[in-house]
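Trainee: Generate coordinates for the entire structure from the input sequences, incorporating the hints supplied.
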Amino acid sequence: MPKTAVRKPAAARPRIVARPRNGHGVLKAVLPNGLTVILKENHNAPVVTFWAWYRVGSRHERTGITGISHWVEHMLFKGTPRFPAGSADRYVSREGGVWNGGTWLDFTYYFETMPAEKFEVALELESDRMANGQFKPREVASERTVIISEKQGSENNPRHLLSEEVQAAAFKAHGYGHETIGHLCDLQSMTRDDLYNHYRTYYAPNNAVVVAVGAFKADEALAQINRRFGKIKRGPAMPPYTVVEPEQRGERRVTVEGPGQTAYVELAYHAPAAQDPDFPALVALDAILAGASGLSIFGGGATNASSRLYKALVDTELATEVGGSVIPTVDPYLYSLSATVRNGHTPAEVEAAFDREIDRAVDERVQAEELAKAIKQAKAQFAYGSESVTNQGFWYGWSEVFADYRWFETYLDRLAAVTVEDVQRVARKYLRRSNRVVGHYLPK
Amino acid sequence: MPLDPESVPNSRNIVRRQYANGMTVLVKENFSSPSVVIDGLVRAGAADDAPGKAGLSAFTADMLMRGTAKRSFAQIYEAIEAVGATVDISSGINVTSFSAKSLAEDFALVVDILAEALQCPTFPEGEVEKERGEILTSLQERANDTRRMAGLTFRELLYPSGHPYGRSVEGYPDTIRSITRGELTQYHRSAYGAQGLIVSIVGAIKTEEAFRMWEDAFGPWIGARVDRGPIPAAPRLTERREKRVDIPGKMQSDIVLGFVGPSRAAPDYLDARLGNSILGMFGLGGRLGEKVREKSGLAYYCYSQIEGGLGPGAWRAIAGVDPRNVDKALPLIQAEIKRMLDTKVTARELKENKSYAIGSMPIGLETNDGVAGVILDMELYGLGLNYLIEYPDKINAITAASIQAAAQKYLDADNFALAVAGPLGV
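As given, the protein sequences belong to chains G and E, one line each in that order. Numbering-wise (this note's numbering), the first sequence opens with residue 1 and increments by one. Numbering-wise (this note's numbering), the second sequence opens with residue 1 and increments by one.
These aren't lab readings, by the way, just hints derived from the structure by calculation. Nothing here was measured: the structure is a model prediction, and the numbers come from that model. Don't take each hint at face value.
[Stated by the list, open to error] From chain G, some residues computed to sit far from chain E (all C-beta separations above 12 Å):
#  : residue
1  : Arg-13
2  : Val-17
3  : His-60
4  : Gly-96
5  : Asn-132
6  : Gly-230
7  : Lys-233
8  : Val-362
9  : Gln-381
10 : Arg-428
[Claimed, not checked] Derived coverage of chain G by chain E (criterion: at least 3 residues anywhere in the stretch with Cβ under 8 Å from a Cβ of chain E; other residues may be distant):
#  : segment
11 : 79 to 93
12 : 254 to 265
Using N, Cα and C, we set each Cβ at its ideal position, and we do this for glycine too.
Mentor: Right, here's the structure in full:
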């Protein structure tokens, strides 16, 4: 009998997309049901992190169901038939692990970081909730008030109130225009079936990426993942997302009044998506303007006292802190700069100081040393961030959502290729008055 | 599973040296990442502040990087940020902590900057006023922050009048306005010294090279020698002390309810900590999270924590709730505290929480920061360098009875400090 007749059906096997070379790099595979798998061995500590990412976030939410992706995330901590509410929390903890979930513009994720020998616990839990979330009406009701409480907690922060308003003014069509937590009226009116339908639409292996980083053998881990996730049925194709934000024609301005004694300023410019060739130059520009912490990549915690905006706003005693934020996203999002106005000064003075520095970045090339510093800072932050398997799992997964994992692996190379001309070009292209929203928080 | 002694920091892979000037240096190599972390402390702290000068120690610590005998503020930060390093100095109640992280090639630079900042800061007049303005703006933000105000008010209620733990480390607008440059300089001169300094250095550097660089920079330093005496004890409360701070216009109120807890070195610290894990940590906030969040849907966060530390830190429950629900959440929190006193924890809770305490230890040890912090704690609290190896046995020796005894020693159903900050009368 020919040998081929006794082979198992090929469909049961993962398709290998990339393999580590010389012990470095990742193993990337796609299971027959469409699940993307990214595996990275790291044997520095007896720890493993496992992440399940779904390509669904507040970007996909229409009016009336804002906040639904985040609420679904909460519901997937509220039980399946196999792990009733609360039992999975106890299971992870007693096995020495930590777990959490998160939802933002483009994604929803869940992760476990566990002692290496407990890897299977994470696979068991994540494969279970990919398919078996229960959404019991009683649990939906109690979570509704928990989420409203979460929203109220955020609204206690004036910076949040300002950025919510700026974000809303920047987008009139795209789903990036509302906060991930959602509007109160939607949180009050959404039903159990709305939530369950959203879950059933987007939680399918063909809309997910799982990532593991840590002390395991990649081939064995792939086999374990295939055993757990391979039996979950592929879902229908995802609803297409067709919204393109129309070009902004002229500066938009918003004012938020609220409690407190301190004023804040935020400037938000429409910015390129993560895969846009302009993205690395914008990251470099942000590092020069607002410091390495503004990279918002690989952890941070760095100071920015030698940055241009610190010197222009904080050294001059107009503001007490300043920061920048570039976020890698699927569609074009925002590059934002923000400052806390120092007692005795006004948002108008701070805005004028911002504008002087922005005009300078547009009119003159940055110094080569400034760019070299930005690149060295990124290298250091990258090294620090790579010490934690949890942090690596986050970046491999997130980059796979908005581009693919190679975006993360080649990040430093692309940044190193940025020139001072590139920096000036992106400054001219994006840092235009007509491309921005200016927000002032005024204490009343 | 028995712990592999090579995989955790212990006396065989940490080198510890003590010096004539009173400092202790601990070094552990780790070449799996190109970074080096420095984590250390000197014995200056907010407990030194006179009541009318609350915030002096913190203000002083904030000034150390704003100019030294060798470099200006701008030069310090240009040097640090140009190489992607971080250096931070900040004051707590009993110690001032310093930390740095850099690529291994920049270790000498950050050691130099720490040495200049701790030993010869210059307190430039203009920088003092910049810092003062930043502190005052931060205190203005605090006055409108429900979480920070609940925390501060709780401390003021919990500790007896004049106790250093009952004051704000950051100070108050009046005290910050009153502090002069002369007082900052004088405080640094009289409180900072190598006596009692501890530093832990972990990362991609050879042990002897790390010692040599640290000794070159800190070996000659003497500075102040201060006999601070013991940290004052804080008695159990014998009454309920409650204060509600009105912060109008906010969407959420914060609650802090608690007690004087054990110091880190107290013999029943681990019993109390495991009890706290059951009360308000395990899973999604222990019993408190289960009742207040999961069952009642009253809060996004509700948990409890033990400060530990060198002195009588707090043991407290914390929750953020709709201002209209404060008085619904409070009885649930009180009931869970009472249950810790009246009933022994279950065998299952004990087993699961022990398993978490032991099993999760490696997760904190995967970064150089995590390892440096653990080594610093082992030295500061006199736990011994083999503490992590002994730790599973210590946890396994805890019983339901010893947890109940710790709960009864520190917690109380009726007598506690309670602070609420948020809009009142809603």
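Trainee: Against the earlier hints, flag every one the structure doesn't satisfy and list their numbers going up.
Mentor: 4 and 9
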